[in-house]
Amino acid sequence: GAGVSQTPSNKVTEKGKYVELRCDPISGHTALYWYRQSLGQGPEFLIYFQGTGAADDSGLPNDRFFAVRPEGSVSTLKIQRTERGDSAVYLCASSATGQGRAFFGQGTRLTVV
Amino acid sequence: GENVEQHPSTLSVQEGDSAVIKCTYSDSASNYFPWYKQELGKRPQLIIDIRSNVGEKKDQRIAVTLNKTAKHFSLHITETQPEDSAVYFCAASTQGGSEKLVFGKGTKLTVNP
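As they're listed, the protein sequences go chains E and V. Under our numbering, the first sequence has 64 at position 62, and the numbering climbs by one with no breaks. Under our numbering, the second sequence has 96 at position 94, and the numbering climbs by one with no breaks.
Wrong hints could be hidden among the right ones.
As the list claims (entries may be wrong) - DSBU-like cross-link-like pairs, simulated, lysine-lysine; straight-line CA separation at most 35 Å:
#1 E/LYS13 - V/LYS44
#2 V/LYS60 - V/LYS70
#3 V/LYS60 - V/LYS44
#4 V/LYS110 - E/LYS13
#5 E/LYS13 - V/LYS107
#6 E/LYS80 - V/LYS44
#7 V/LYS107 - E/LYS80
#8 V/LYS59 - V/LYS73
#9 V/LYS59 - V/LYS24
#10 E/LYS19 - V/LYS107
#11 V/LYS107 - V/LYS59
#12 V/LYS44 - E/LYS17
Quick caveat, the hints were computed from the structure, so don't treat them as lab data.
Okay, chain E solo, but in the shape it has when bound (with noise of 0.2 Å):
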């Protein structure tokens, strides 16, 4: 695609449920990015990998979130135990190289009841 495509756009899921954020990085884009965005606030990084491999894990909250890149293009971001807190907007981008422009996606709208 043209574009960093993340799925779905809302999720909303009860408290305590696991729940999966989709991201489909530009093509041939080789680091990719995971953030979260509250309301008036700027993104907070959570994630970076280059490759299949988490190169910078460090925003992550707590255990209860987790990412993957197994063969170095989709992602996604898995939440267990969600909890009211995580309410937010998570953001994907991706870069050709780590070391160029970050391009971001829509976005997943997460609520949490």
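Following the hints, put chain V in place on chain E, whose structure we already have.
Coordinates of chain V only, in the frame set by chain E:
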């Protein structure tokens, strides 16, 4: 870790006036400084970026300046138009290092016709 401060949080200008948004960063190793524009409910869109080996960059009505010594950088928009109204985010990263973008909290720019 890196900390990015952004000012002002809101800015209102008349159409045709200039707008300036300022950011400071804390990590002297940061070497890449992009600016993103985010319209309500949309993805952050990269509008201009600058690397630490240059002091100024211009693209039509938008310019960015960087002062490495003082660790601050600014976005300048000239001849503002109503469609420039959005939230603008500055960010900093260490390319060749951690790669992650650390964002400011954003500036809501309103251009009044």
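Tested hints:
1. Between E/LYS13 and V/LYS44 the alpha-carbon distance is near 16 Å, which keeps this suggested pair within the 35 Å criterion.
2. Proposed proximity of V/LYS60 and V/LYS70 is supported: the alpha carbons are some 18 Å apart, at most 35 Å.
3. Proximity of V/LYS60 to V/LYS44 is assessed by CA-CA distance (about 25 Å); at most 35 Å being required, the pair is judged to hold.
4. Taken as a hint, the V/LYS110 and E/LYS13 pair is honoured in the structure, with Cα atoms around 27 Å apart against an allowance of 35 Å.
5. A C-alpha spacing of about 25 Å is found between E/LYS13 and V/LYS107, which places the hinted pair at or below 35 Å, so the restraint holds.
6. Distance check on the hinted pair: E/LYS80 and V/LYS44 sit about 23 Å apart at the alpha-carbon level, within 35 Å; holds.
7. Simply put, V/LYS107 and E/LYS80 have alpha-carbon atoms about 26 Å apart, close enough for the 35 Å limit, and the pair holds.
8. Restraint check for V/LYS59 and V/LYS73: satisfied, since their Cα atoms lie roughly 16 Å apart, inside the 35 Å limit.
9. As the CA atoms of V/LYS59 and V/LYS24 are separated by approximately 15 Å, the hinted pair is consistent with the 35 Å bound.
10. For the proposed pair E/LYS19 and V/LYS107, the alpha carbon gap of about 30 Å is at most 35 Å, so the pair holds.
11. A threshold of 35 Å between alpha carbons decides the hint, and for V/LYS107 with V/LYS59 the separation of about 23 Å falls inside it, so the pair holds.
12. Restraint check for V/LYS44 and E/LYS17: satisfied, since their Cα atoms lie roughly 26 Å apart, inside the 35 Å limit.
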